[in-house]
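Undergrad: Take a look at the letters that make up each chain.
Number of protein chains: 2
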Amino acid sequence: MSKGLLVVISAPSGCGKDTIINEIVKEMGNEASISVSMTTRDMRPGEAEGVNYYYVSREQFEENIRNGEMLEYTTYGSNYYGTPVGPVKEKLKNGKVVFLIIEVEGGENVRKIFPDCVKIFVIPPSMYELEKRLRGRGSDKEEVIKERMEIAKTELQRATEYDYIVENDVLEEAISDIKTIIRAEQLRINIMQTKLREVIENA
Amino acid sequence: MSKGLLVVISAPSGCGKDTIINEIVKEMGNEASISVSMTTRDMRPGEAEGVNYYYVSREQFEENIRNGEMLEYTTYGSNYYGTPVGPVKEKLKNGKVVFLIIEVEGGENVRKIFPDCVKIFVIPPSMYELEKRLRGRGSDKEEVIKERMEIAKTELQRATEYDYIVENDVLEEAISDIKTIIRAEQLRINIMQTKLREVIENA
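These protein sequence lines are chains H and R, in that order. Per my numbering, residue 70 is the first one in the first sequence, and the count goes up by one each step. Per my numbering, residue 70 is the first one in the second sequence, and the count goes up by one each step.
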């Protein structure tokens, strides 16, 4: 059985990271999945346990934090949101590719727990283009767009903490680039050890 | 201008490394080339300076060694063979992909001089298949094949010193895997720095 691969994806809001990863997961079928977050907020109509989120109580979430069972977490409003370690480990053990879409802040802890993870940062072709895309959504107020642009600048400064940079100019090319990175990472020596040993031992 | 990429390729004799790289270089055209070795042996009819080898005197070769201008070298019979650093540096500066096909022994020094190089080890699908291929050449005597198989076993043990392992079972797949690795490496943060800075500075 081949070793799984944990792929951490970060990007400023508006860079299209969700669109890219949803498309790749659809293409890869059973081989890949997006990590499901845990939250303390209530389940909404149409949502399902383990699909949209794992729903837990505040007490449970805080116990998970204390026990080191959260890969990363944050608070939004009065609720916790984060990634539980267990399901990620389970999928990796089964040789799957797991995508973890997280904030730059959360990325640091992930490498400590999963040293072999691959960190990809998605950048816009330009700040001008990013602003155009944010405005194109038509849903955000002027001050929200200004704030998002400021956050984007701060986040881009930290892209150097990642292994790979993928520019999302043409969507298809960004998808192809990330698929290329995944395939290359699967050829890395740490993942190919089993195959290598097989050839050597049957000598 | 994008930064070049030095790709070190090693493999036991009979694994098809030359066939693979020749094919990739043909496909990549002006973007890639195979590093030309330097030798002290005489030029043979049909050979050309800088195409088959750089031809130098024994004194010149030894001076290059003393001056640290040889990336790696070896002796075969009474002649020196090796890779001069200069032409590789020049091509990398021009953003090219340079393939360096060398023995496992020579690979160690390369990373010291070019820390960003990518090291790929090509393995056969099995030792049985390797032996079959060596016999298939029809040109080697029994003891030569036995010796090559022994050397292959020793070399395979050192594959763990490489970044990537590519199995050459189906030629087209091995070619595709190495092209994938090259593309992925071109998306690495150290190479994408320029693009990243461009986006940040035009903010």
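Rather than coming from a laboratory, the hints here were simulated on the basis of the structure. Hints are not guaranteed to be accurate.
Since the list can't tell identical chains apart, any single copy or any two copies may satisfy a pair.
Straight-line alpha carbon distances no greater than 25 Å define the calculated PhoX-like cross-link-like pairs of lysine-lysine that follow [as the list claims (entries may be wrong)]:
| id | residue 1 | residue 2 |
| --- | --- | --- |
| 1 | 264 | 160 |
| 2 | 222 | 264 |
| 3 | 95 | 210 |
| 4 | 158 | 222 |
| 5 | 158 | 210 |
| 6 | 215 | 264 |
| 7 | 165 | 201 |
| 8 | 264 | 201 |
| 9 | 210 | 264 |
| 10 | 210 | 160 |
Undergrad: All hints, please: hold or fail.
TA: Hint-by-hint comparison with the structure:
1. Only within a single protomer do residue 264 and residue 160 lie at most 25 Å apart by alpha-carbon distance; the minimum there is 21 Å, versus 34 Å between protomers.
2. Taking CA atoms no more than 25 Å apart as the test, residue 222 paired with residue 264 passes between copies only; the shortest distance there is 14 Å, against 43 Å inside one copy.
3. In this homomeric assembly, residue 95 and residue 210 never come within 25 Å of each other (Cα to Cα): the closest approach is 32 Å inside a single copy and 53 Å across copies.
4. Taking identical chains as interchangeable, the C-alpha atoms of residue 158 and residue 222 are never at most 25 Å apart, the minima being 33 Å within one chain and 35 Å between chains.
5. Proximity of residue 158 to residue 210 under the C-alpha cut-off of 25 Å is found in neither arrangement, the shortest distances being 40 Å within a copy and 51 Å between copies.
6. Taking the closest pair of Cα atoms, residue 215 and residue 264 come within 25 Å of each other only across two copies (23 Å); inside a single copy the shortest separation is 51 Å, beyond that limit.
7. Taking CA atoms no more than 25 Å apart as the test, residue 165 paired with residue 201 passes in neither setting, with 36 Å inside one copy and 34 Å between copies.
8. In this assembly of identical chains, residue 264 and residue 201 lie within 25 Å of each other by CA distance solely across copies; the values are 19 Å between and 48 Å within a copy.
9. For the identical chains of this complex, residue 210 and residue 264 are neighbours neither inside a copy (54 Å) nor across copies (30 Å), given an alpha-carbon limit of 25 Å.
10. In this assembly of identical chains, residue 210 and residue 160 lie within 25 Å of each other by CA distance neither inside one copy nor across copies; the values are 40 Å within and 50 Å between.
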